[in-house]
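All chains should be modelled from the sequences, with the hints used to inform the complete structure.
Just so you know, the protein sequences line up as chains A and B, in that order. 1 is the number of the first residue of the first sequence in this note's numbering; add one for each residue after it. 237 is the number of the first residue of the second sequence in this note's numbering; add one for each residue after it.
Bear in mind the hints are in silico, worked out from the structure with no lab data behind them. Any given hint could turn out to be false.
[Claimed, not checked] Here are the computed distance ranges between Cβ atoms for each label pair:
1. B/PRO457 with A/SER79: 50 to 56 Å
2. A/GLU150 with B/GLU647: 40 to 46 Å
3. B/PRO630 with A/LEU59: 54 to 60 Å
4. B/VAL612 with A/LEU59: 41 to 47 Å
5. A/ASN129 with B/PRO316: 27 to 33 Å
6. B/GLU647 with A/SER201: 34 to 40 Å
7. B/GLU295 with A/ASN129: 26 to 32 Å
8. A/ARG73 with B/VAL612: 45 to 51 Å
9. B/PRO661 with A/ARG73: 33 to 39 Å
10. A/LEU59 with B/GLU459: 31 to 37 Å
11. A/LYS191 with B/GLY611: 19 to 25 Å
12. B/GLY573 with A/THR108: 40 to 46 Å
13. A/GLN160 with B/VAL612: 20 to 26 Å
Because the structure is a prediction, the values reported are computed rather than measured. Cβ coordinates follow ideal geometry from the N, Cα and C atoms, glycine included.
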Amino acid sequence: MKKLTAACVFLAALAPIGLTAGDASACGMSVRLEPIPERPTPVQEIANAEKAMDSGNLLAAASTVLRTFPGIRGATAGSDPLQTRGLRVLALAIVRSDGKAGQASGWTPNANLEWAIQTMREIDQKRPNDPAVQADLGEALSKLPRTQPEAFKLLSLLAQKDLMGSPFAYSALAHLRQAKGDTNGAVAAVKKCEEMTKNTSICKVAPAKAAPSTPVAAVVGKVAMVAPKRPRVAAF
Amino acid sequence: MPHVRIVHLALALALGLAALAGCGPKKRPDGTLDAGSTGAVTAVPTAVEPKADAAHGKELVAQFQCNRCHDGLAQIEPAPQNKHCVHCHRDIMDGKFKGKPDTIARWQPRVKDLQDAPSLEAAGKRMAARWLEDYLLLPVDLRPGLVQAMPRLDISREQARDIAAYLVAGEVADTAPAPRGDAGKGRQILESKACGTCHAFSGVAFLGGTAAGALAFTIDPKELPRAIRLAPDLRHVRARMSPKRARAWLADPKAVKPDTLMPKVALTESEITDVLAYLYNATLDVPPAKGVPARLAVLSRRVTFEEVDRKVFHRTCWHCHSEPDYAIGDGGPGNSGGLGFKPRGLNLSDYNGIAAGFLDGNNERQSIFAKDKDGVPRVVRALMARHAEEAGAPTGEVRGMPLGYPALSLEDVQLVETWIAQGRPRT
Chain A
1 MKKLTAACVF
11 LAALAPIGLT
21 AGDASACGMS
31 VRLEPIPERP
41 TPVQEIANAE
51 KAMDSGNLLA
61 AASTVLRTFP
71 GIRGATAGSD
81 PLQTRGLRVL
91 ALAIVRSDGK
101 AGQASGWTPN
111 ANLEWAIQTM
121 REIDQKRPND
131 PAVQADLGEA
141 LSKLPRTQPE
151 AFKLLSLLAQ
161 KDLMGSPFAY
171 SALAHLRQAK
181 GDTNGAVAAV
191 KKCEEMTKNT
201 SICKVAPAKA
211 APSTPVAAVV
221 GKVAMVAPKR
231 PRVAAF
Chain B
237 MPHVRIVHLA
247 LALALGLAAL
257 AGCGPKKRPD
267 GTLDAGSTGA
277 VTAVPTAVEP
287 KADAAHGKEL
297 VAQFQCNRCH
307 DGLAQIEPAP
317 QNKHCVHCHR
327 DIMDGKFKGK
337 PDTIARWQPR
347 VKDLQDAPSL
357 EAAGKRMAAR
367 WLEDYLLLPV
377 DLRPGLVQAM
387 PRLDISREQA
397 RDIAAYLVAG
407 EVADTAPAPR
417 GDAGKGRQIL
427 ESKACGTCHA
437 FSGVAFLGGT
447 AAGALAFTID
457 PKELPRAIRL
467 APDLRHVRAR
477 MSPKRARAWL
487 ADPKAVKPDT
497 LMPKVALTES
507 EITDVLAYLY
517 NATLDVPPAK
527 GVPARLAVLS
537 RRVTFEEVDR
547 KVFHRTCWHC
557 HSEPDYAIGD
567 GGPGNSGGLG
577 FKPRGLNLSD
587 YNGIAAGFLD
597 GNNERQSIFA
607 KDKDGVPRVV
617 RALMARHAEE
627 AGAPTGEVRG
637 MPLGYPALSL
647 EDVQLVETWI
657 AQGRPRT
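Set out below in structure tokens:
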């Protein structure tokens with residue numbers, strides 16, 4: 001199982017998101033195949049990056065992707081499945097670290113976030129009508145005030161149709177709802193988020209600042225209160 | 237090929253029984269088609285029926301990817317191993333699949349029952365076009381020893397007719413009536429020649445019980461288990477093939493279909509006539525109606541995604557419903573499309589994908605957890621629909637899942653339903 005021939009017999013990979021056992025993809029049909037430990041192949045590297053991201057190790061996730069595909073910043077989503085996965089991991093690592101991951105090559109957090117949003121848009125275009133991609137896009141869009149209205153629309157629709165399986169996307173929705181003064185909605189989104197992750201700290205939402213119509217007392221105790229660490233949630 | 241003469245019928249029978257025992261959840265023949273198609277041999281097409289188009293049938297066979305399971309299709313090569321739903325499993329069983337030995341060993345019990353489908357070589361010399369047409373529209377269980385079933389594809393009557401025309405390849409229906417032999421003697425011959433080593437014959441008294449001293453045929457013992465899995469229930473012979481074709485078959489199976497595993501059984505002309513008399517005229521019991529089981533009540537204990545994923549989604553479903561970017565662009569028939577199905581975009585390989593639902597007929601995303609008017613989540617409907625299909629029910633609004641494979645146990649369905657009822661917790 002050493003050579004990956006052009007005929008593409010098998011590609012060994014580590015666990016993709018959310019799976020415990022080793023996974024692999026055969027061309028055509030997915031099967032589970034443990035990798036034989038060697039120098040990791042790009043497939044294994046990207047799987048590692050996905051794993052790192054899943055366990056919250058965002059900087060490691062980003063650097064693994066950048067090491068595997070040095071030119072990935074300029075890659076086009078959808079042209080190569082593995083690179084597309086790499087793009088997704090890098091973009092999400094950037095989004096979840098508020099622009100900090102992948103800064104090495106002189107990218108400012110803001111430029112990083114803009115790149116991540118653009119990248120998620122491209123992935124979304126290549127995989128239209130896929131709520132899993134849309135949820136990631138919505139999460140990315142929620143990071144910049146300029147794109148928050150779009151994020152709100154997208155995530156609200158997905159939640160309404162019950163098509164969202166990402167705790168981060170629910171967390172983003174909770175923030176957006178909270179910022180709009182929709183406390184009950186925020187509480188509901190937080191609850192969904194908490195059902196989807198062991199690390200419930202990612203679900204916490206700060207109380208709304210400018211929502212006088214919302215009795216703050218109602219928020220306290222329902223929504224976990226934390227210091228307003230998440231930046232730039234605009235009321236719109 | 238070394239043909240070893242089998243002297244111990246007991247061994248053969250034991251193998252046969254083992255094969256039968258291994259087919260647990262598989263449905264017994266329900267005879268639905270028997271009634272309608274028994275007359276197929278003698279049916280004369282009515283004048284208004286449009287002419288079947290074999291060339292179009294061939295295109296359809298390519299479109300429906302019948303070659304991912306069936307070999308022996310005229311002018312259509314089997315699918316490559318990495319797409320082939322039977323060859324790949326068989327290679328894993330035969331140790332021909334490259335991979336770590338412990339991985340292969342872990343896979344083998346999972347694919348053991350999924351390594352065979354009948355080859356369709358010389359279909360026209362064996363099966364009547366009309367029977368084929370009906371079968372493609374509503375496949376019945378033909379082989380009690382075979383776990384894998386012919387999937388219910390999304391085929392129209394016209395398409396089925398064209399495919400049947402391609403499969404029979406110009407062989408014309410022959411309508412000669414069943415021969416006038418001695419059915420009682422025929423029955424005795426079936427017993428004494430130990431046809432029941434391989435064949436079931438549902439609807440008549442059990443064939444296999446009679447021990448014959450030495451068998452009237454030879455077969456490589458290594459091939460016997462597969463021959464048993466691939467031997468059809470003889471109940472369907474009268475609807476499937478004309479007596480003339482059955483005669484040719486019994487005289488020399490390999491002369492009809494070179495790749496067949498049925499050995500030549502020593503039979504005289506008049507013995508064949510008697511066997512045919514029994515095959516075609518024996519009174520068949522109506523198969524016992526198989527009811528659709530009721531769902532179990534949801535569990536009170538907590539069910540996590542990890543458990544549902546391990547026992548159901550990542551065990552049985554994920555293979556056909558995977559994430560395209562992890563599978564070189566092909567997410568399997570239930571996601572990217574295949575076997576004639578449009579892409580339904582359903583990724584059952586991870587929590588996010590499962591949440592992301594599927595594309596409905598209008599290309600709109602729907603949750604697989606959406607409840608129908610009876611409050612049953614769509615995915616549970618699909619799992620129960622497979623139970624209904626196994627009981628012979630027509631394909632309903634929701635296709636049975638797993639497509640073409642044994643229905644999940646009621647306990648596994650219960651697990652899925654409980655997890656949904658508990659709010660689908662991920663952790």
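Notebook entry, point to check: Which hints, by number, does the structure contradict?
Noted result: Those not satisfied come down to hint 10.
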